[in-house]
Every structure is written in C-alpha cells, then in structure tokens.
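Colleague: These are the residues of each chain, in order.
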Amino acid sequence: MDYVNAFWVGGIICALAQILLDRTKLMPGRVMVLLVCGGAVLGFLNLYEPFQEFAGAGASVPLLGFGNVLWKGVKEAVQAEGFIGTFMGGFKAAAVGTSAALIFGYIASWIFEPKMKK
Amino acid sequence: MEKEKLEKEYEQYVKEKTPVHNVYMNMLKAFITGGAICVIGQFILNYCKGKGIAEDISASWTSLSLVFLSVLLTGLNVYYKIAKWGGAGALVPITGFANSVASPAIEYKKEGQVFGIGCKIFTIAGPVILYGIMTSWTLGVIYYFLIKAGVTL
Amino acid sequence: MIKGSQSIQFDKSPFLISSGSIVGKKEGEGPLGNLFDVVGEDDLFGEKTWEAAESTMQKEACLLALGKAHVTPEEVRYIYGGDLLRQGIATSMGMEALQIPMFGLYGACSTSGEALALSSMAVAAGYGDLMLAVTSSHFGSAEKEFRFPLGYATQRPLSAHWTVTGSGAFLVGTRKSHVRISGVTVGKIVDYGLKDSQNMGACMAPAACDTIIQNLEDFERKESDYDRIITGDLGYVGQSILFDLIRKKGKDIKPNHMDCGMVIFDQKKQDTHAGGSGCGCAATTLASYILPKLEKGEWKRILFVPTGALMSTVSFNEGESVPGIAHGIVLEHC
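Protein chains in written order, with our numbering: chain A, 1 to 118; chain B, 1 to 153; chain C, 1 to 334.
If we strip away everything but chain A, and leave its shape as in the complex, we get:
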C-alpha cells in the first residue's frame, strides 16, 4: 500500500509542477525554488508531517520534502539551542542531500565528459 501512495502522491506533485512549467513563464529554476520554500512553509504550518506519514517517499522525495526537512532541522535546533539554532539546523538537515550531490557531482566531473544532446 505504501508503494501505491508514494506513487500517486509523488506523481501528483510532479504533475502540478508540470502546469507551472508549461503554462507560466517560470523557468525550471524558479519552480525548484518555489517547491523548496513551499515545503518549508507547509512544514512550519504542521501540514507536511501528517502528509508525509501517509505518502512516505511520495512526500519526502520531491523537493517539497527537502524544504520540509530544512524546516524540521531548524525547528529541532531552536528547541535544543534557542536562537542560535535558527542558524544551525538548516544546513545540518540538508547535509546528506547537498553533500551527496556535491561529492558525487564532483566525482562525476572527473569521470564523464560533456556530451551533445541528440
């Protein structure tokens, strides 16, 4: 069942983003920014957590989930450390995704050559 929910919830988030790509002048970069910021706000409003419990990876894999993770990191850090936590939690929570992208991306630049599109 969790596979089914992951599929259709993740799919719907992507389908909605497709409308933004096709019918507005928002470029892909802006859509990505909107999703991350949106995820953080939804997390702040306590809406994302229940949603994620239901949809699992369908909610955590899209960039909305990345935004929610950022917020969760800040929230926990504020609870533990007070004001300074607002500066700590974000990067900590985003560490795995960002570091992985940077490290693997960098290694890829050693292995692969730029190629033409077909």
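Hints are computed from structural coordinates only; laboratory data are not their basis. Keep in mind the model is a prediction, meaning the values are calculated, not measured. In this text, a Cβ means the ideal position worked out from N, Cα and C, and glycines have one as well. One or more hints might be untrue.
Unchecked claim - Straight-line distance between alpha carbons at most 25 Å, and here's what the computed PhoX-like set of lysine-lysine pairs gives:
| hint | chain 1 | residue 1 | chain 2 | residue 2 |
| --- | --- | --- | --- | --- |
| 1 | C | K25 | B | K81 |
| 2 | A | K25 | B | K3 |
| 3 | A | K118 | C | K268 |
| 4 | B | K15 | C | K268 |
| 5 | C | K25 | C | K48 |
| 6 | B | K84 | C | K269 |
| 7 | C | K48 | A | K115 |
| 8 | B | K17 | A | K25 |
Unchecked claim - Listed below are several chain C residues computed to face chain B (Cβ distance under 8 Å; list not exhaustive):
| hint | residue |
| --- | --- |
| 9 | K144 |
| 10 | L150 |
| 11 | A202 |
| 12 | V237 |
Got chain A sorted already, so can you dock chains B and C onto it with the hints?
Modeller: Coordinates of chains B and C only, in the frame set by chain A:
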C-alpha cells in the same frame, strides 16, 4: 503609451500563434515519471527500515541513493532523456536537484577546477539552497519568538 | 548607388566566388546532409571544447572556400567574421591562423547577412579584390552561453529553436562567377517588446518583415521579382507570424518564401521543434543549398534575409525585451 499598447497586442497575438505542448499529456508523463521515482525511493526506504535502521537515517540513505543514481545517469547522458519525456517528473524529485548539480560540474570542467566547476557547480541549484535556507531561517526566527511569547505549535 | 532609405544597389556588382560549409553530426543527418562540404563526426572536430570546435569549423570553412577558388589567405584583403559567443571569441580564435586583417561582427543569427553586406560594400568601393565573410554557431557552446549545461534536464517549448552546429564561409570579390551580390538592404533594430527568448521566431519576425518591405520599396520591386525570399531562422512560428505581418502591409510572400531554419532539419524526425537557428544556420544553408541553385540558374534572383535575435543572458535576466534585426542581400544568377 501607444507603444505599450502595441506591445501588449503583439504579445497576445504571438501567444495565440505559438503552439504549446499538450499540458494534459505532459502532466500524465510527469505523473508517471515522478511517481516511479518516488516508488524507487519508497523501496529504498522500506529496505533500510527492514534492516532495522532508524527512520530518519533510512530517509538519509534514500536521499543518498537517489542522488547517486541521478548523478550516474546524468554522467551517462541518460537523465536529460528521462526529463525530455517526463518533464517535471524528473525535475521535482531530489534526483532533479542532483542533476542540476552534476550537469554544470561536468559541463564546466573545461573551465578549470576553481573557476569552472567550483564557481559554477551551483549555477542552477544555488538558488534552491539560498532560498531554502532563507525561508527556513525566517520561519525559525518566527518560531523562536512564538515560543518566547508562550505560543506552542 | 544609394537606393531608397536603407539600401544600396551596386553599380559594379561584386561576385560571390566560392563558399565553404562545415556542419555537425545532426545537421549531416538532416535533409541537406549530403550537400555540405564537410560533416563532422563528433561535433568536437578534434578539439577539447565546444568553443574550440567552433573556431576550428570557422577556419575550415574559410579554407574550403579559399581552396575551391584556388586562392591563398595572403591574397584576401579583409575578413568579416562573427559568431554567437561572448566577445566573438570563436571568430578571434579561429581566424588567428589565417593572418588576414579582420573585422569581428556581432549580429546574432543575422551575422552572415552583415558580413556579406560589408564585404560586398568594400569590394564594390574598390578597397580590395577579395574578401571573406564567415560565420559560425555551435549547439554546445550556444547552449552553455544562453541556456543550460547540456546534461541539465529540461523540456524545450515547441517554439524553441535548435542551434545549428556549423560554419559557412564566402569569398566575395571582383573575379567573375555565376552569382553576384547586386544589392543590400541594411536592417534596423526592430523591437515589438517581446521578452520570450524561447520564442525567437516571434522576436525576429517583425525585423524580417521590416527589412523585406523596405527592400521591395527601395528597389521598387514586387514580391514576385524574387524567385525566393529566404529568411535565416524564423522557424515555423516565426514564418507564420511573418506572413501575417507582411499581409498587413498589403503584400504576400507565401508562394516564394523559404526559411533556412525550416529546411536544415527534419522537424518531425529530428525533434527540433521550431527549426534550426544560429549564425551557422543561414550561412551553411546558403552555401550548400541556395548558392548551387543560383549558380545553375534555377533561381535567377533571390532575397536572402538572415535574422537575428539580439539578446544576452544579462539583458534577459534584467527583464529587457529581445530586439530583432534582419539584413537583406540580393543575390542574382549571372
């Protein structure tokens, strides 16, 4: 004033003249692609949890694996083909973020380690990090003062 | 002789003596594939970067044109060259090897028209017997310059163009051949305020219309006085807009219009959406497809109108519109 009106008219006219993708078809493709990527994510998540790994560490393993797969497919010149078909379905998951980091790294390697890869690796993904951090920090500050004021979320 | 407000009719027309065309793999697989002089196998042309590949293409195109006419670089008076890259770097790097005095030009995809106009004017004025006009574009370097890294996952809108990987060079001079440049119409910047750089056809169509109408007026000609009116890279969207704009001026070029961007690729099979674009698009099509028809006399007189969308990534990000420009070159069989 007159010029502005003419420009508006021309913009409207061009809009009518320009063919666009069939948005329903594209949404369907995005749905399938995005859904499939999330299912792969769910599979990794379940596998980790099945090994008795804690929930949030499992989530980290999921991100890590998806990012790795995406970077690999980007290097093999396959990911852009998935995106050509799947559109937002390939952009919105964390794999799209990984692609937006790996593709400049590979493309700009010719411009050097520091000024090429170093400076340009975040050309596309940089805004996501910046505004993600700004938004969560702002919300964190609000949260902090709400706690001070005795409001509990 | 000065004609009308924007045109020149040459008293002694310079000749288009020879041409060279070199293209990438995808162009080689297109409808004009076997007409080009050289088709590259890997789009790098033996170089390490897209930019260096573009420079090499320019140099090779020039050498091809020179070779066909049995002319050495030392005999050429001036080069008029340009490309799409910042500071015209592909031209500067590519032309260094030839050691011919050079003017670097920028007119986006209209540069081939600009180069032909200037070189023929210089020849007609008696400032030299042989001039080279050369332009190039490369899909890889243009995507990097104006859009995204090639591996980045995007969907291109249907109005988007596909930058042609290719370079075309033309030897213009006093030596008799079967094609002459009888006149030019220099285009103005025309800007209808459109900001969509993914719809360059619509940005350039008003400029093409302006130049075509001006050409007909200046030379007191009818549409049908030309066997073909050939635009550079308006593509499918731009062409239909051009027809409408021309009709509003009381003319009709539908029966004899052709667009290089629409003939260089097979839109359905090659997934190029609106058509080809870039400095190399009009130049290679002129060299490989149009000139042979003029040489044979299949066409007696054509109007060649390369079109350019003059945007930069900075002006685009700052919310500016995309101005268009088009230059008209009258080519005749002789």
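Colleague: Against this structure, judge whether each hint is valid.
Modeller: Each hint tested on the structure:
| no. | hint | result |
| --- | --- | --- |
| 1 | C:K25 x B:K81 | 19 Å, holds |
| 2 | A:K25 x B:K3 | 23 Å, holds |
| 3 | A:K118 x C:K268 | 14 Å, holds |
| 4 | B:K15 x C:K268 | 22 Å, holds |
| 5 | C:K25 x C:K48 | 17 Å, holds |
| 6 | B:K84 x C:K269 | 15 Å, holds |
| 7 | C:K48 x A:K115 | 12 Å, holds |
| 8 | B:K17 x A:K25 | 17 Å, holds |
| 9 | K144 | 6 Å, holds |
| 10 | L150 | 6 Å, holds |
| 11 | A202 | 4 Å, holds |
| 12 | V237 | 5 Å, holds |
Checked against the numbered hints given earlier, the structure satisfies every one of them.
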